[in-house]
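My numbering puts the first residue of the sequence shown at 645, with every later residue one more than the last.
Quick caveat, the hints were computed from the structure, so don't treat them as lab data. This structure is a prediction, so every number in the text was calculated from the model and none was measured. Possibly wrong hints are sitting among the right ones.
FRET-style restraints, in silico, Cβ to Cβ [claimed, not checked]: (1) L652 <-> D726: 26 to 34 Å; (2) A671 <-> S651: 19 to 27 Å; (3) V774 <-> N732: 17 to 25 Å; (4) P723 <-> A752: 28 to 36 Å; (5) I677 <-> D726: 27 to 35 Å; (6) L765 <-> I677: 35 to 43 Å; (7) N661 <-> R692: 36 to 44 Å; (8) V662 <-> L766: 13 to 21 Å; (9) G721 <-> R653: 17 to 25 Å.
Quick reminder that beta carbons are idealized off the backbone N, C-alpha and C, glycines included.
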Amino acid sequence: VSFDSDSLRHLHPDERNVAARVRDALAARDDAIGHMPADVSPGVELRRMGLDATLDRLVGEGGRGPDGTPVQLHEEGDPLVDAEPPANPVFVLSDHHDFAPEEAEAVAERAERRLRVGPELLHADHAVTVVHNWLDTDGYTSY
Numbered sequence: 645v646s647f648d649s650d651s652l653r654h655l656h657p658d659e660r661n662v663a664a665r666v667r668d669a670l671a672a673r674d675d676a677i678g679h680m681p682a683d684v685s686p687g688v689e690l691r692r693m694g695l696d697a698t699l700d701r702l703v704g705e706g707g708r709g710p711d712g713t714p715v716q717l718h719e720e721g722d723p724l725v726d727a728e729p730p731a732n733p734v735f736v737l738s739d740h741h742d743f744a745p746e747e748a749e750a751v752a753e754r755a756e757r758r759l760r761v762g763p764e765l766l767h768a769d770h771a772v773t774v775v776h777n778w779l780d781t782d783g784y785t786s787y
């Protein structure tokens with residue numbers, strides 16, 4: 645499921661609203677054929693593809709371009725506070741389960757950096773909030 649902020653309409657930043665959009669996208673999964681997306685609503689698409697194909701679409705084969713710089717968020721990464729934010733990051737992280745071995749290998753092959761968000765382990769949704777703050781403050785340099 646992807647959200648395109650340039651064309652997204654009527655999405656409010658609350659859990660219920662976002663969850664409803666994700667639910668609608670998942671309900672439209674039969675309309676997605678291969679790598680052709682199902683258009684769920686303006687700015688929301690669902691594609692049926694695995695992790696390898698998704699990473700290739702976002703960062704290109706080998707992890708360099710066309711659109712983003714792959715950064716893995718991982719508890720064993722370098723501290724976020726010591727890193728410069730990339731211009732167009734694509735953050736990759738797992739949920740409360742680690743990636744399967746073949747998924748971990750696919751991410752490792754493409755990730756330019758491996759960063760951790762802090763000294764304590766966080767849930768993925770909390771880690772995303774910390775990373776947004778890091779980006780919004782240009783690496784914690786401007787408040």
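Hint by hint, which ones does this structure get wrong, listed from lowest number up?
Of the numbered hints, 4, 5, 7 and 9 do not hold.
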